[in-house]
Amino acid sequence: MRVVRRARRAGRARRGARTPAVARIPGSAPRIPRPAPRIPRPVLAAAACLPGLAAAVALVLCATGVERAVTPTGPGALPLAARPAPHTAPRPRIVPRTVWFGGTRTAQPPPRYDDQVVAVFVHHTDTPNAYDCADTPRIIRDLYTGQTAARDWDDIGYNFLVDRCGTVYEGRAGGVDRPVTGAHTQGFNHRTAGIAAIGTFTGGTSVPRALTDAIAAVVAWKLGPAGVDPRGTARLTSSNGGSRYPRGAAALLPAVAAHRDAYETTCPGAALIARLPAIRAQAARLQGRDGPAARGAG
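If you're matching positions, the sequence shown starts at 716 in my numbering and goes up one per residue.
You can trust all of the hints, since none of them are fake.
Label-pair ranges, simulated between beta-carbon atoms:
1. Cys880 with Thr980: 20 to 30 angstroms
2. Asn844 with Glu979: 21 to 31 angstroms
3. Arg866 with Gly918: 22 to 32 angstroms
4. Pro801 with Leu967: 21 to 31 angstroms
5. Gly1006 with Phe816: 37 to 47 angstroms
6. Gly1003 with Arg866: 36 to 46 angstroms
7. Thr860 with Thr980: 20 to 30 angstroms
8. Pro1007 with Phe816: 35 to 45 angstroms
9. Arg866 with Ala845: 22 to 32 angstroms
10. Cys880 with Gly918: 18 to 28 angstroms
11. Gly1003 with Asn955: 31 to 41 angstroms
Hint data in this document are derived by calculation from the structure and do not stem from the laboratory. Ideal placement from N, C-alpha and C gives every residue a C-beta, glycine not left out.
Could you build the full structure based on these sequences and the hints that come with them?
Put into structure tokens, the structure is as follows:
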């Protein structure tokens, strides 16, 4: 009985005790002690049946779990780790092929596709430079007719065409968002895209800035999904002995290459070739890349 009375008096003393003052720094808000985590009654009941050390461990683990449960995880919470930004670029404005295709109708097989685009070949169309950009659809239609009639191709070979005003046109059918297999670079049409600059850009020819800006925008957008740095290289396999490389040979080429890098030609002309380093650098900036070029792909 004496033990019980002492316990009761001690309990009353604890309940009547005043909360000690909280130390504070002048000019600062008072620090409020963090309340101890509440342990659910079922856990206390279960802990009572455990040996002393096991019960203590169980209660510590439970308290930790309660604190973690109230950690902010909603929309306002800070992320645990920042994810690296993907090196992609926005899709440029592209005029659909229906604009230049007009009433032209020829039978052609369904388009073929690759798994991705890891390199781009730059061409020129070897046509006059002094044209009105309003005439671009007619120029592309003439190119289409020449390639499908004179060369007996099933469609125009280039995936994209860019005029001197910087307007990008859809070329080969199949969808600009998809890795359409073109017919622009013999031996290296797979996993690549062909971009043709409308005009002739031999040495000494002026290359319009609007044209190179548009080419860089298409390059950055098309190489982005494969994670290819436009300043880097791509490993491609020759599918045709008519290229600079034997059939089946692996070739390490620039990710943004000139037609002549893979085929015996002067295309896309010395003037445009001289602008390729600037096109690569601008495409990399459009992808949000800084520093040196990344390793090759393919």
